[in-house]
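There are 2 protein chains.
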Amino acid sequence: MASLSTEISRIAKYFAPLTRAETGAFNLSNDAAALKIPAGKHLIITTDSCIEGVHLPRGCSLAQLARKGFRRNLSDLAAMGAQPWRYTLNLHLHNHTADGEIAKLASVLAEEQAQFDCVLIGGDCTSDDARAHLTFTMLGVCDHHGHPRGGANSGDDLYVSGTIGDGFLGLQEALVTTHHSPLTTHYYAPKPQLALGMALHKIATSCIDISDGLLADMRRLEASSGKRFALSEHAVPLSEAALFALQQNTVTLQQLLSWGDDYELLFTAPKSAAHALQQLAQHHRVRITKIGDVN
Amino acid sequence: MASLSTEISRIAKYFAPLTRAETGAFNLSNDAAALKIPAGKHLIITTDSCIEGVHLPRGCSLAQLARKGFRRNLSDLAAMGAQPWRYTLNLHLHNHTADGEIAKLASVLAEEQAQFDCVLIGGDCTSDDARAHLTFTMLGVCDHHGHPRGGANSGDDLYVSGTIGDGFLGLQEALVTTHHSPLTTHYYAPKPQLALGMALHKIATSCIDISDGLLADMRRLEASSGKRFALSEHAVPLSEAALFALQQNTVTLQQLLSWGDDYELLFTAPKSAAHALQQLAQHHRVRITKIGDVN
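These protein sequence lines are chains A and B, in that order.
Everything in the first sequence is counted per this note's numbering, starting at 1 for the first residue and increasing by one.
Everything in the second sequence is counted per this note's numbering, starting at 1 for the first residue and increasing by one.
Wrong hints could be hidden among the right ones.
Pairs involving identical chains hold if they fit within one copy or between any two copies, as the list cannot separate such chains.
Listed next, the in silico EDC-like pairs over lysine to aspartate or glutamate satisfying Cα-Cα at most 20 Å (straight line) [what the hints assert, rightly or not]: (1) K202 / D99; (2) K271 / E111; (3) K227 / D124; (4) K202 / D293; (5) K36 / D128; (6) K41 / E22; (7) K104 / D157; (8) K41 / D143; (9) K227 / E101.
What the hints contain is simulated information worked out from the structure, not anything from laboratory work.
Since we're looking at a predicted model, the values are computed, not measured.
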């Protein structure tokens, strides 16, 4: 395993610079960080691991794992309507990881931090002979307690943002080529719907991000609310790439609705919110589609 | 890998009951938790992984990993003077982990939660063919910003709690026998010095917990403060077991001072605090020994 001194020097060299915006991270020279939550805010906390061979194909880079892990966690904050704030990273590396790979990982984290305004505050670094394994724990702040998961009411509409199935198509492409395309980008660097998530406060009665597939995540909203949802499968918004793949019979609609990795928001809202949602879609330049009803 | 439905049912069965004291954990039915930090408190956050074959010997049980991981993180909170509050757990299992092992793990967590008043609020569960890997992220609360690591002043005394080297002796015993003894207990279930850590507010000028060895952790306090510490090795408090082992030449003093796994607090305080520290030691029934000077 990498020696303790190697790990300490890597932390100082590659990761301490990522904490500059938070003095309570103590430049990573401490074993804990001290944070002052902005007055009146709720703290929203989520954590997810990203493992080579489980969440991304074997042979993926540390930088790819980092970007996907970062954004999967941000998507969970989006589903709560929270604003990203701080995060910790547990970095579990293979013994033979080269410094160059870690430098690329840190550079991706710097990009993600700048794009999403979320600052590293701590973590740890370990290594053995297993595959790379990154755990992000993300803290968001929110004026409220987060969108409920079980708040759907009878008569509500069911909505989804963006298009569904591009994560699946992106994975299919990523498995056969290293060529970059909009679909592989969707798979490796999904866009968490943070602005939409925050804007849904006082509009959405329940909300979830689609990580495990539209159908599975819809069943979670159903189960939490105790209501039955009537999904109009033909209304589910698909990208041109997905429509083309369906036409060519290279995928089925069930695959697109079941795979996940979409990181769009699935939410319910009262019928009276339809106009507000239209305006919100225009303002945030995001597609919002009614795909069903709450019975 | 264990299926998604297996992981979801394990979470509901074994882990959701551990969240009852925090409604913002949403019974683990959500991807994020929502917390309201008690007014005026600082949030202290620390995270550390505990890996079979790295932090505990190969062949250790999940329950042993959990207890050690839980307490290693609590020890980091102790060094900040924080009170344990909430935690997340990323559970990475081997594919063939039986439900019975997970039940024992959950039962150990319930014991730890009750003993240390710290409540599970979230996490994730993954599995592949690698060894078990647990990551705890612990949140503590604190009236202040945490004990500084770099605050030692020239003329301060250097103190340590408890005795040093028992973690090393416990590991030596654990490697050759499964028999339980005070030393193996010290190794598998160290006692984080939480009450002492909190009581050191306005007394300690710097503080660290001894996880990587008295000498290495002392060098960290030195480096952070920019001072030189003069350690009186003969003053370092040793248990009867350690004294006996030294007498038998089965260990060296260097091993006892270097190994770590002690989870005692190493701290500096002005000479004027000597009497207050004596009283504090009596009140908390903890040994506090002066072992050096800050130059």
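Verification of the supplied hints:
1. For a Cα distance limit of 20 Å, the shortest separation of K202 from D99 qualifies neither inside one copy, at 47 Å, nor across copies, at 41 Å.
2. Taking the closest pair of Cα atoms, K271 and E111 never come within 20 Å of each other, the shortest separation being 39 Å inside a single copy and 48 Å across copies.
3. Taking identical chains as interchangeable, the C-alpha atoms of K227 and D124 are never at most 20 Å apart, the minima being 43 Å within one chain and 26 Å between chains.
4. Taking identical chains as interchangeable, the C-alpha atoms of K202 and D293 lie at most 20 Å apart only when both belong to the same chain, with a minimum of 19 Å there against 59 Å between chains.
5. In the homo-oligomer, the alpha carbons of K36 and D128 never lie at most 20 Å apart, since the shortest distance is 35 Å inside one protomer and 37 Å across protomers.
6. When the C-alpha separation of K41 and E22 is checked against a cutoff of 20 Å, the pair qualifies both within a copy, at 17 Å, and between copies, at 17 Å.
7. Proximity of K104 and D157 under a CA criterion of 20 Å is satisfied in neither setting, with 44 Å inside one chain copy and 44 Å between copies.
8. Proximity of K41 and D143 under a CA criterion of 20 Å is satisfied in both settings, with 5 Å inside one chain copy and 18 Å between copies.
9. Taking the shortest alpha-carbon separations for K227 and E101, neither the intra-copy value of 48 Å nor the inter-copy value of 35 Å comes in at or below 20 Å.
In summary, the structure is inconsistent with hints 1, 2, 3, 5, 7 and 9 from the numbered list given earlier, while agreeing with the others.
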